[in-house]
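> Letter by letter, the chains look like this.
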Amino acid sequence: MVTMKNRGVFGSVFINSSRTQKIVLLLMSLALSVLAAGCFIIDPSANQSTFEPLGPVAERQLTIFWWILIGGAVVFVLVGAALIYALVKFRRRSEEETPIQVHGNTRLELLWTIIPAIVVMGFAIASINTLFYSANVPKDSEKTITLEAIGHQWWFEFRYPSPNGPENEVVTANEVYIPVGIPVRINLESVDVIHSFWVPKLAGKVDMVPSEGNHMWFQADEPGEFYGQCAEYCGTSHANMKFKVIAVEPAEFDTWLSDQAAPALESGDPLAKEGAGIFKDAGCSGCHSLKTIAKTGSKGRVGPNLAHVASRRDLAAGMMNNADGAGNVNDAYLQENLRKWLENPSEIKPGNLMSSQAAVYTDPNKTLTERQISALVAYLTSLK
Amino acid sequence: MSQEIHSSEGHTGHPTAGLYFKIAMILSVVTAIEVGIFYLTWLGYWIIPVLFVLSAGKFALVAMYYMHLKFDHKLFSYMFVGGFVLATSVIFALIFLFQVWL
Amino acid sequence: MSTLSLAIPRPVHPSGLWNWLTTIDHKKIGVLYGVTAFIMFLSGGVEATLMRIQLTKPELDIVSAAVYNQLFTMHGTTMIFLAIMPLGAAFFNFVIPLQIGARDVAFPRLNAFSYWTFLAGAIMLKLSWIGGATDAGWFGYAPLTSVDQNPGKGIDFWIISLQVLGVASLAASFNFIVTIINMRAPGMTMMRLPLFTWMTFITAILLILAFPVITVALIELTFDRYFDFNFFNVARGGSVVLWQHLFWVFGHPEVYILILPAMGIVSEVLPVFSKKPLFGYTTVVLAGAIIAVMGWMVWSHHMFTVGLGPVANAVFTITTMLIAVPTGIKVFNWIGTIWGGSIRINTPMAFSLGFIAMFLIGGISGVMHAVSASDAQQQDTYFIPAHIHYVLFGGAIMALTSGIYYWFPKFSGKMFDEKMGMLHFWLMMIGQNVTFFPMHFVGLDGMPRRIYTYAEGMGWDLWNLVATLGVFILIAGFLVFILNMVKSWKSGPDAPGDPWDGRTLEWSIPSPPPEYNFSEIPVVKSLDDWWNTKQGGNGKAVPVSGGSGDEEHDIHLPQPSYWPLVTAIGLFIAAYGVVFNQLVVPWAIAIIGTFIGFVGVYAWSLEPVNDPDEDSAH
Amino acid sequence: MAQEHTSTAGHEEHEDTTTGLNHRKMLMWAFLGSDCMFFGSLIATYLVYQGKSLTGPLPIDVFDIPVTSVSTFVLLMSSMSMVLAYSALTRGNMKGFRIWMVSTAIMGATFIGFQVYEFSSFSTHHIHFECSEVAEKIEHGDYVKAGHDHFFQKECLDSNGLLKADHHVDEEYGLKPQTNLFGTTFFTLTGFHGAHVTLGVVWLLSIFFLSFKKGVITREKNLDVDLAALYWHFVDVVWIVIFTVVYLFGVFEGF
Ligand code: HEA
Ligand code: HEA
Ligand code: CUA
Ligand SMILES: [Cu+2]
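Chains as they are written, first to last, in my numbering: chain A, 1 to 384; chain B, 385 to 486; chain C, 487 to 1104; chain D, 1105 to 1359.
In case anyone wonders, no lab produced these hints; they're calculated from the structure.
Be careful, since some hints might not be right.
Unchecked claim - With beta-carbon atoms standing in for the labels, derived distance ranges:
id: 1; chain 1: A; residue 1: THR113; chain 2: C; residue 2: THR675; range: 21 to 27 Å
id: 2; chain 1: A; residue 1: VAL302; chain 2: B; residue 2: GLY420; range: 55 to 61 Å
id: 3; chain 1: B; residue 1: ILE421; chain 2: A; residue 2: THR113; range: 44 to 50 Å
id: 4; chain 1: D; residue 1: ASN1197; chain 2: C; residue 2: ILE1007; range: 35 to 41 Å
id: 5; chain 1: A; residue 1: VAL302; chain 2: C; residue 2: LEU772; range: 55 to 61 Å
id: 6; chain 1: C; residue 1: ALA1074; chain 2: D; residue 2: GLY1265; range: 52 to 58 Å
id: 7; chain 1: A; residue 1: PRO99; chain 2: C; residue 2: LEU772; range: 20 to 26 Å
id: 8; chain 1: D; residue 1: PHE1296; chain 2: A; residue 2: THR98; range: 56 to 62 Å
id: 9; chain 1: C; residue 1: ALA552; chain 2: A; residue 2: ASP331; range: 32 to 38 Å
id: 10; chain 1: A; residue 1: GLY327; chain 2: C; residue 2: ALA552; range: 52 to 58 Å
id: 11; chain 1: D; residue 1: THR1123; chain 2: B; residue 2: GLY402; range: 47 to 53 Å
id: 12; chain 1: B; residue 1: THR472; chain 2: C; residue 2: TYR712; range: 57 to 63 Å
id: 13; chain 1: B; residue 1: GLY420; chain 2: D; residue 2: GLY1265; range: 36 to 42 Å
Claimed, not checked - Distance condition first, Cα-Cα at most 30 Å in a straight line; then the derived DSS-like pairs of lysine-lysine:
id: 14; chain 1: D; residue 1: LYS1258; chain 2: D; residue 2: LYS1268
id: 15; chain 1: D; residue 1: LYS1199; chain 2: B; residue 2: LYS454
id: 16; chain 1: B; residue 1: LYS458; chain 2: C; residue 2: LYS1011
id: 17; chain 1: B; residue 1: LYS406; chain 2: D; residue 2: LYS1325
Note that CB positions come from ideal geometry on N, CA and C, so glycine has one too.
This is chain A alone, in the form it adopts within the complex (with noise of 0.2 Å):
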């Protein structure tokens, strides 16, 4: 009973009111979730809001989702009013009366059977085509680009038809760009668990489930930078697998996609020429490979290409900013992110493979030295 007794605020509110006043308050605190849903909630300025479609996919989903969500907001307030209503009206005001005894209504009963069935058949026809758009890769443009999309725990691998010729595909890892205004399909692959490829402002999700070729298409309507995370559950690092979309005009694409056919640079920085020997002789490349093209059918690699890793804006799938406001890759930023990297992946990426399996981290006596890291850094940055 103590609690009784000193209530609080909360308690002689909810305790002390009458019953229309706690109906009243029930009916605040819904109306007040809902109206909060409205208003100033949501924020569609958020990298990944769905409520800022840029490209046709997103938009059309975003259209259907509001059409479901007025429905069903009309029918939340419409049932709850009833609720509500009969909870008010019909009160019991003394202990004696007894209602008549309604024992159902077969007219009212069919009619409340046979509306909502009208309402939902019509979202679901309403949505139908949504689906389909969605799901098909538009035929009239010609002009359709077709890339690869390979997740990996826990990045993104993409290859690009190479523009030297059919046989040979641009490899590159967590930054996928993408020529303005064109249809982009991209198939999903997997080379372990399922993961999801989702960039909530060009498209909904679909699954990169290992050797079941999925694929999906958007297009970005406006040049920029569009947030992707992976959205399927894939062990430990699941929440740190995300990458980037860059939408550029076609002619930067095209530029873009020749440079990152041509070979990686060679750096005349001796401690850059170093920090290649250490790549060799560290293990690194048994994982990186710094060749940019791949010939069709060869596997991907353990680690992500880095052939021009210091080209990429994001270090490790999104984990660490290289670039400035304006999206220039900034060195500075660029060699303090790929210092921490390589001192200790697993801070930044925790399960990560290369911690678990580069024999500089698991073997303590191949630990890379402070001179070595630096050697590293300043080769890796020069990959642009």
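Given the coordinates of chain A, work out where chains B, C and D with the ligands should sit on it, guided by the hints.
Then chains B, C and D with the ligands, alone, in the frame of chain A:
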């Protein structure tokens, strides 16, 4: 055949040992036919529906007579057939989902 | 009767520990189920609280990634298999025989076996925290559960304890199906069954059909893990999608297994506190049955993004949508029930009303998921946990809490504190909305589920903070609840037999019910028989609540037994033996456990029915 | 009435229950309904993976339809003897009952024996043929593929694709659960069926031995036998499905 079964049911509604034996014979013969059909290569894909029907018949015979569903309370049939029908539907749904869209 | 060599006299322990260990009284087993399940709920709640604390702010480092992944997996598994299902079972056990006018369930010893097996599975799952629990999510998608990906014992514990829990649930469900069909009092036709009994019946049928599917899926996974089979091994042509199909063929009916008993409770409470019969009894029953049937046709709505193709997605969109119709019928009939009634809002009623409101939100967000086109943006985001918790917390937990309050006087013989009850209600209502509503927002703002942390500047900070704060309101609520229950049970005022002016048979007997429930098996003349009797409508005198018990010596009650416990222990040992199959002699422990189980089964089936000296009375 | 063991009457007698049906019998039927889903899921797995194995051996390589037909026949006959045992019991013919009962168990054990033989012969399967014979068959168009195909290509043709005339092939081509998807799904499905049969044999034998104790298995208490019989027949009908779907369809070439 079905007449025979009916007549031997008798008045108690319960089959006799003789009937059980007859059913066993039918089951054996049908199995033999199944295996025979299986070697008729010219039937092609038709062996699927044919074998299907034959083994469904065997299934029904055992369930109805040996498990005396035919003579027992309907409730037992509902319980068993319910599970059976659901299992069959799930099998077909999965076959469909896997072969058509995967 | 000849005494068999294996037959040991049945135990006679009127009280004490042995009484609880050997009891086969459905009411005691109900209480055991309820208390155990509630403790499990608290453990799942503690896991949830830890998750929420970790997510309070971006980039916190309170629990590690590895632990967080175990937390949400164990939280989901615990809440579903160890909290809500057994809480349902607690009600089935306690209430059903009373509602149908029976002295016990059809198989009292099987009932005890169900409980002990459930306990074995629960202990096994929870103890797996020692040494690393499972971390593959509650639906354990392949190939995350493969040995390559997950060599530890966590997954093995998860698999094997789910199998054990499956045995428990199946045994309980068979028992209840038979009990409900076959133990009804004279005149209690199927269409006079109380709604809760009906929903239990449907749930039990769903369960015996759904569990074998997950049993098979888990067996396949076990074989893959233990013996290198290829079911889900992509390298040898297996399909990881098959696991998803099998899991959700089970999984979707499972969510209705969780909600139908809850709906049954609400359908009991609303009429009582509105003094009006359930509106459209037949329709509500039918709607429940239709939900159960349709529940089998929708499973792929959990797989909209797996790549089944637009045709399959469209089909499953439509079937899923249609489930809203029978569910809607229930909601509308509930409103029809209170409409024109004389509504008294006390704690059980408040929880039932809260259920309607909260479940409505969850149901509508379910319908939003069902639109596969836009679900592509929602699937695996926090929008899904929002739905989960509105239907499971706002739905199942609210209704089960309503049921606990509603039947508390009956099983404890005491009245609870109404004011604390209402305080609990408001804390729950506010707490859950504060906790779970924001999940909609962060979900739509692109926050994936099952992430142990998130970066700053994603726009998710505020609502995660709010959600975490909400948990503390919930904790306060549950503390009030525990306090209320413990205090009232110890020293609450005595409850009359029929405190709520009830409608169904359990209110016609004293609180707590005597061991034999009904001194005289009632003859039922109508739906809501007890109510009609009280109104004088059934042409019989209103009996004084509860017989004198004089007839006791005439009533044959089932005797306690050791063997259900022994069999369950055997199963428990065997299950551990499977997980640690390489310990000492390979597979030896499993074999010993199985042997004990067999001994239990044999002794059980050969056990004399009654004490030899009572035998003549039969 | 609340006892699971008071049931002394057979199914024809009216029980003191709401429906007049016996509790245990109802439980048995509910269990069988549920077990349908169990086998249904296993069969679904088998069918979904049908033809998806990456390597051999395939059903056509290992199945021996005549042998399995015999074991199928044995199981069918065991169902008959089971029903005859029950029928003898209800007529009070204890001797007949015991004879039919033990023969049912023996036939069940025989079936298991067949299965053990089958499993072990699959896992040690050898393939052997004369290259020239197969070549001839191919020419005549009455060539059954089986594992021959693979080995024919590999062993019988030289680098120019010409037949090595008097070469013969004799190679290990065993099927284990780990070998391919067919092995995995086949052994699991039939293995679980076998486990059901084994349990059934244990159950039948238990009843058989108990029937020598006075008053345990009697004409009035025939329900205990009835339940075992239901289980036994169920195991039989499951095999009817498996035999058709797995064996006959499995070897069918176009599938
Ligand atoms: C008690 C449990 C429960 C219940 C009852 C439900 C009920 C429903 N669920 Fe839910 N669901 C879960 C538990 C539950 N669910 C869980 C645990 C998951 C997540 C699993 C995981 O991934 O971990 C999930 C996930 C889930 C998904 C997958 C989302 C995804 O992962 O992408 C979908 C998609 O269709 C869905 C749909 C529905 C629908 C349509 C209903 C319907 O039955 C709801 C029907 C009810 C109403 C609609 C309200 C009342 C109706 C009216 C008042 C009539 C008028 C209404 C209209 C006209 C709209 N659920
Ligand atoms: C019945 C089901 C149920 C219930 C009741 C709950 C209850 C809660 N759930 Fe749960 N949840 C699920 C089912 C449920 N959940 C499922 C199925 C998942 C998906 C899992 C997966 O992804 O695999 C999930 C996932 C899930 C997530 C998402 C995790 C992620 O994706 O990363 C979160 C995050 O906030 C969460 C939070 C909560 C909270 C705060 C509660 C609260 O309501 C809990 C309130 C209870 C308490 C806080 C305990 C109260 C009392 C005390 C603590 C008293 C003091 C203690 C003692 C005296 C011992 N849940
Ligand atoms: Cu990849 Cu989550
Ligand atoms: Cu579902």
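> Is 55 to 61 Å right for how far apart the beta carbons of A:VAL302 and C:LEU772 are?
Between A:VAL302 and C:LEU772, where Cβ atoms are some 58 Å apart, the hint holds.
> The hint says 20 to 26 Å between A:PRO99 and C:LEU772; measuring C-beta to C-beta, is that right?
holds, 25 Å
> Does the Cβ-Cβ separation between D:PHE1296 and A:THR98 fall within 56 to 62 Å?
For A:THR98 against D:PHE1296, whose Cβ atoms are near 59 Å apart, the range 56 to 62 Å holds.
> Okay, B:GLY420 versus D:GLY1265 on CB: inside 36 to 42 Å?
holds, 39 Å
> Does the Cβ pair C:ALA552, A:ASP331 satisfy 32 to 38 Å?
holds, 34 Å
> Run the distance test for D:LYS1199 versus B:LYS454: straight-line Cα separation, threshold 30 Å.
Holds - the C-alpha atoms of B:LYS454 and D:LYS1199 are around 28 Å apart, at most 30 Å.
> Holds or violated: D:LYS1258 and D:LYS1268, Cα atoms, limit 30 Å.
holds, 11 Å
> Could you grab the alpha-carbon distance between B:LYS406 and D:LYS1325 and see if it respects the 30 Å cut-off?
Since the Cα atoms of B:LYS406 and D:LYS1325 sit roughly 27 Å apart, the hinted pair holds (cutoff 30 Å).
> Between B:ILE421 and A:THR113, does the beta-carbon spacing fit 44 to 50 Å?
holds, 49 Å
> Are C:ALA1074 and D:GLY1265 spaced within 52 to 58 Å by their CB atoms?
Cβ of C:ALA1074 to Cβ of D:GLY1265: about 57 Å, so the range 52 to 58 Å holds.
> Cβ-Cβ distance between A:VAL302 and B:GLY420: within 55 to 61 Å?
holds, 57 Å
> Within 21 to 27 Å or not, the Cβ separation of A:THR113 and C:THR675?
Since the Cβ atoms of A:THR113 and C:THR675 sit about 25 Å apart, the hinted range of 21 to 27 Å holds.
Hint compliance for this structure: hints 10, 11 and 12 are not met, and every other hint is.
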